[in-house]
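Construct the complete structure from the given sequences, taking the supplied hints into account.
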Amino acid sequence: MVPLWMYLAVAAALFSLGVFGALSRRNAVAVLMSVELMLNAVNINLVAFWRYSETSTDLLLNGYAFTAFVLIVAAAEAAVGLAIIITVYRNRRSVIPEEAAALKG
Amino acid sequence: MELNAISIGFVVFTIFTLGGGVGVVTTRNLFQGTIWLMVSLFGVAGYFVLLSAPFLAAVQILVYIGAIAILITFAVMLTRSVTRVKARYIRLVPSLLASFALFLILLLGIAVPVFGEISPDIAPVTVASTRDLGAALVDENGYVVPFLLASVLLTGAMIGAIFIARDDTA
Amino acid sequence: MDEICTGLCRLMVDSGAEPGLAQFVSLLVGVLLVSGVPLLTVILLIWIERKVAARIQDRIGPNRVGPIGLMQTFADLLKLLGKEDITPTAADRLLYNVAPLVSFASVVLIWAIVPFTPFHYGVDLEIGALFFVAVASFGTLAIMVAGWASNNKYALLGAFRVVSLLVSYEVPLVFALLAPVMLAGSMSMLDIVNAQSGMWFVVLSPLAFVIFYISSQAETGRAPFDLIEAESELVAGFNIEYSGMKFGMFFAAEFLHVFTNGILMALLFFGGWMGPLYYESPLLAFAWLGAKGGIIYLTTLWLRNTVPRLRIDQIMAFNWKCLVPLSIANIVLVSLALKALQELNLVPRQLIGASFVDMLPATITLLVINGALAIYLLGILRRRGQEARREAQAAPMQFARATAD
Numbered sequence: 001m002v003p004l005w006m007y008l009a010v011a012a013a014l015f016s017l018g019v020f021g022a023l024s025r026r027n028a029v030a031v032l033m034s035v036e037l038m039l040n041a042v043n044i045n046l047v048a049f050w051r052y053s054e055t056s057t058d059l060l061l062n063g064y065a066f067t068a069f070v071l072i073v074a075a076a077e078a079a080v081g082l083a084i085i086i087t088v089y090r091n092r093r094s095v096i097p098e099e100a101a102a103l104k105g
Numbered sequence: 001m002e003l004n005a006i007s008i009g010f011v012v013f014t015i016f017t018l019g020g021g022v023g024v025v026t027t028r029n030l031f032q033g034t035i036w037l038m039v040s041l042f043g044v045a046g047y048f049v050l051l052s053a054p055f056l057a058a059v060q061i062l063v064y065i066g067a068i069a070i071l072i073t074f075a076v077m078l079t080r081s082v083t084r085v086k087a088r089y090i091r092l093v094p095s096l097l098a099s100f101a102l103f104l105i106l107l108l109g110i111a112v113p114v115f116g117e118i119s120p121d122i123a124p125v126t127v128a129s130t131r132d133l134g135a136a137l138v139d140e141n142g143y144v145v146p147f148l149l150a151s152v153l154l155t156g157a158m159i160g161a162i163f164i165a166r167d168d169t170a
Numbered sequence: 001m002d003e004i005c006t007g008l009c010r011l012m013v014d015s016g017a018e019p020g021l022a023q024f025v026s027l028l029v030g031v032l033l034v035s036g037v038p039l040l041t042v043i044l045l046i047w048i049e050r051k052v053a054a055r056i057q058d059r060i061g062p063n064r065v066g067p068i069g070l071m072q073t074f075a076d077l078l079k080l081l082g083k084e085d086i087t088p089t090a091a092d093r094l095l096y097n098v099a100p101l102v103s104f105a106s107v108v109l110i111w112a113i114v115p116f117t118p119f120h121y122g123v124d125l126e127i128g129a130l131f132f133v134a135v136a137s138f139g140t141l142a143i144m145v146a147g148w149a150s151n152n153k154y155a156l157l158g159a160f161r162v163v164s165l166l167v168s169y170e171v172p173l174v175f176a177l178l179a180p181v182m183l184a185g186s187m188s189m190l191d192i193v194n195a196q197s198g199m200w201f202v203v204l205s206p207l208a209f210v211i212f213y214i215s216s217q218a219e220t221g222r223a224p225f226d227l228i229e230a231e232s233e234l235v236a237g238f239n240i241e242y243s244g245m246k247f248g249m250f251f252a253a254e255f256l257h258v259f260t261n262g263i264l265m266a267l268l269f270f271g272g273w274m275g276p277l278y279y280e281s282p283l284l285a286f287a288w289l290g291a292k293g294g295i296i297y298l299t300t301l302w303l304r305n306t307v308p309r310l311r312i313d314q315i316m317a318f319n320w321k322c323l324v325p326l327s328i329a330n331i332v333l334v335s336l337a338l339k340a341l342q343e344l345n346l347v348p349r350q351l352i353g354a355s356f357v358d359m360l361p362a363t364i365t366l367l368v369i370n371g372a373l374a375i376y377l378l379g380i381l382r383r384r385g386q387e388a389r390r391e392a393q394a395a396p397m398q399f400a401r402a403t404a405d
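Chains A, B and C, in that order, are what the protein sequence lines are.
Mapped onto our numbering, the consecutive letters of the first sequence carry residue numbers 1 to 105.
Mapped onto our numbering, the consecutive letters of the second sequence carry residue numbers 1 to 170.
Mapped onto our numbering, the consecutive letters of the third sequence carry residue numbers 1 to 405.
Calculated from the structure, these hints are not laboratory results.
Hints may contain errors.
Example chain B residues on the side facing chain C (calculated, C-beta under 10 Å, incomplete) [stated by the list, open to error]:
(1) Gly46
(2) Leu50
(3) Tyr64
(4) Arg131
To give an idea of the interface, some chain B residues facing chain C are shown, with a C-beta separation under 7 Å as derived from the structure [unchecked claim]:
(5) Ile8
(6) Gly9
(7) Phe31
(8) Pro54
(9) Phe55
(10) Ile61
(11) Leu62
(12) Ile65
(13) Gly66
(14) Thr73
(15) Val112
(16) Asn141
(17) Ala165
FRET-style restraints, in silico, Cβ to Cβ [said to hold, decoys possible]:
(18) Gly19(B) to Gln57(C): 44 to 52 Å
(19) Val127(B) to Leu27(C): 18 to 26 Å
(20) Lys321(C) to Arg131(B): 31 to 39 Å
(21) Leu27(C) to Leu108(B): 36 to 44 Å
(22) Ala105(C) to Pro3(A): 30 to 38 Å
(23) Leu381(C) to Gly160(B): 31 to 39 Å
(24) Thr26(B) to Lys79(C): 35 to 43 Å
(25) Leu283(C) to Val127(B): 31 to 39 Å
(26) Ala98(B) to Leu33(C): 49 to 57 Å
(27) Ala102(A) to Arg131(B): 46 to 54 Å
(28) Arg28(B) to Thr89(C): 14 to 22 Å
(29) Gly160(B) to Lys321(C): 20 to 28 Å
(30) Gly385(C) to Ala5(B): 53 to 61 Å
(31) Thr26(B) to Phe286(C): 43 to 51 Å
By construction, the Cβ of each residue, glycine as well, lies at the ideal position given by its N, Cα and C atoms.
Pasting the structure below:
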């Protein structure tokens, strides 16, 4: 059996990669992909904690069910996020978040 | 960590997950980035299998590879003229430092038990099945309210995405 | 596979191998065995398909290599292997080469959950039906990647069409798949087949079968949904740049996918290995499954060689305006009826092992509901057809322009 800390370490690395991508990438689509990485790092943690806790035997499925909801939110987020990116691209011919600053004072 | 199917699987899926993640944040070509993202998320689905959550693994593949990947590739192609921007990064060094610092802090959190006991290394033998999850999702003491809210959210997101991305000229 | 695995595993542990490693190796052998079945079938399938297509088109078909042309596929295989392996210079080398592999693997993976007999199966997943849907989505991605990586406008256009087609038809496919899952109360393929001991699910929910049949035909990209490869419009669609064995992989994946769908339909709706004496003889059970799957497969070949190709807008309109609402209505009605029957104790709680008589009330109720829904749908389609005909007769030119938009 793989010890719990290994899952947590991988999730931490994946989350940090996602943070790095979200902070540094210029392209909005790449930023969105990095956000997906972070969501998945969180999912690994949720499922791992659920699996290694004593509650995984009874009906307390918090980690399990929560991951399913995260997946639903991720799908909704991707749909709306990409729709916004395409609309911004259509209006401003750019997918760089910094350039979509028409409301900036 | 002894050598068996689970530990071999863990190593393979770790390579997938982290390798794919590195691919996502470094690749110049966004279409390839999408594929790297899929490799990474496939690795995560593998973890779910190892953690006895096969339902989540199947849903992960279905949602991400079947739907979100296709969505992202369409977005990449629809914005194609600018996806090959010269500079990949802005504020490269600060974000590299910040994310590395975050990684160290997270590792510290894993190694040092700040909030109590050190986590167990042995998982319980018996696990709740997919059937239990299904029952819990529609149980009034379980997750029926979040379940209904999630379906409202999905409907709202679908209508919203269509409304935002609709081309008024066509 | 279980018996082979434990047997081999014990043998290896006895001869001094580490238990974990022995388990892994024996699993690997089992995987190779299960994936070997589809790999060998595809060689025969190509011959059958060519022979059937030839007969329908009043030709003889392959008859030169070997007896009645049986060795033709091997000759073709040799030809494909001997061809020059071309990678376009502007192509994305890695993705271009990986795409055919993923496409073929996505079909072979489905065979992991196919129970050949009550005792012989790759693996009995508790999420079997969901696994099938998840794995099938790899194929979609592979086609997208192939179209993009070829760096060819025809390939990309073909890929766009395919992906919009596949993603759309996945919706009714999954909804139709829900009907047997609900009836059996399980996603495991083994449970679904066992639950059909009293009555095949095709009798309990014929509409779900029809929807599944149509959308799986679309998923494989066969006529009337073959605009994936629409030779006369897109040259060859997404695989235009592929040559040699890489093309062969796409080709084999498509052929195998059709047969796999036949087997899946036999499992989900026609009782899988159920048949006289299936329990006594595993070989007979295997034969029943093969025969049922084969018959469904032959009907898809018949369909392919008979109907003309549809336009992309017609296909999309048919899916979103007809199949998707129908499949949702079907699911709602079947689930309500099933719940009502269970409350009235007219259907056995546990379908596994239920007899024909136990299932009669449920069968009649569900058949009436399905029939009513089908008649209602046919009424709508008939009215639409008459309207379209009237418009076409009133002003032929305007009608043609309006439908072409």
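I'd like to know which numbered hints this structure contradicts. Please list them from smallest to largest.
Of the numbered hints, 1, 2, 6, 15, 16, 17 do not hold.
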